Amino acid sequence: MIYLYLIAAQFLSLAVQEYIPPLPYGARVLLLPLVFFYAALAVPPPGMLLLAFTGGFMWDALVATQVVDGNLEISLGWSIVLYAVLGAIMSGFRPLFQRGHGWEIHCLLSGPLICIFVLSEYLMITFRRGGFLFPKIIWWRIGGEGLAAMIVSPIVFLLLHWLALSLGLVPPREERAAAQQA
Amino acid sequence: MRHTNAIAVALFLVVAVALFAFTPRNTELMQARFLGVIAPLLKNGSSLQKQIVGFREGMKTLGELDVENKQLRVELDELKAKDQTLQGLAAENNQLRRALQYRERSAFKLVPARIIARDASTWWSTIKVDKGSNDGVQADQPVLTEDGLVGKTTVVAGNASTVLLISDENCGVAATVEGTRERGIVRGTRTSTATAPDLTLGLLSKLADLKAGQKVYSSGVGGVFPSGVLIGEVKDFEVEPLEGTASVIPSVDLTTIEDVFIVTGGGK
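These protein sequences, in sequence, are chains R and Z. Just remember that this note's numbering sits 1 ahead of the position in the first sequence, which is counted from 1. Just remember that this note's numbering sits 196 ahead of the position in the second sequence, which is counted from 1.
It should be emphasised that the hints constitute simulated quantities derived from the structure, not laboratory data. None of the values given here were measured: they were computed from a predicted structure. For every residue, glycine included, the Cβ atom is placed at its ideal position computed from N, Cα and C. Possibly wrong hints are sitting among the right ones.
Where chain Z lies over chain R, by a calculated footprint (3+ residues, C-beta under 8 Å) [unchecked claim]:
#1 8-16
#2 48-60
#3 63-69
#4 128-142
Could you build the full structure based on these sequences and the hints that come with them?
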């Protein structure tokens, strides 16, 4: 049931982020990766891979993969792999989430992980289009998105976690800590 | 590593690698299907956003509305007059073309569309509109407004389409400059976004004597964009080692447009 909830949250966040206006230098607030990072903390690694697949697939289907004049800019599936790699890093901090340090981990890691994600996308299109261009605006945009993610992440985390607890999809902190000790 | 984890990783890799093998055509079809699924949500979100903006605008006083109404009436009269003049010119143009045994230029078939989402991606400049294949829209059709060129359609679902904006590096438009014989390609730069569009007109002659303010129009070469559609105006001109390059200010404000027209027939 938690997977359905998280997939629905990914889908909804993808739609909502379309309405968030851009920040200076063209940086964006990316909600779908934030939802996925929460999922990486809340579910075990096999579940994280499933959600990396759904999240990456949605990202490629709506945002990243551009078919221009019959050519693919980024192959379908790249975002899925990127999500899985970043999700694996986040998943490594799951024991801390179990002990009740969820939002801090989510907030601290979301920024750097989103910077890596956006930089990877840029490197892929740079490889595809040619011309190794790295003006300052690119770095501002990458850093800005990381910073925006860190600012928004507590809201996303607390909203998702409160809903998951209310629906009984995630056990309370005491139960999670006890299960981890056992 | 536990067995379940190992199986999950193996399964994940198999599926991911299978997706890498998708052809551009299959990818486009899959994107169109997904766009069709999410489009109703985007349309509802867009309507809600409009209602909120409309409510805020509805708070205007009667005096403000009266002034606005008078301005609109004047504009309407002006446009009617212009329309009549243009109709006359179009008829005269067609007569002259016939006289010169040119193919009579067919009128554009325009499908009006509303923007339902402005893309949230970092590196691509695209928008989503509420018209798709059910309305006769196909991929690679030009999109414009009364002010000029906006871009072209890429992914087309039944009830929505993705439009690649002229501010994107991937959207190249063959162009000419008013009052000269210069021809080149207008495209966005890699750092360009819809909010801060940065267009360049490249492949010009090094001897081109372009001045700021000269209009840039599509030339019709390439078959996607019709000729004579305003793209923008020259901001400045630079001579580079191999070519002349001009910066172009787009004629359409890509951040504020709400409605566009998709050219679905003729005019090419």
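Outcome of the hint check:
{"no.": "1", "hint": "8-16", "result": "holds (count 4)"}
{"no.": "2", "hint": "48-60", "result": "holds (count 6)"}
{"no.": "3", "hint": "63-69", "result": "holds (count 7)"}
{"no.": "4", "hint": "128-142", "result": "holds (count 7)"}
Every hint from the earlier list agrees with this structure, and none is contradicted.
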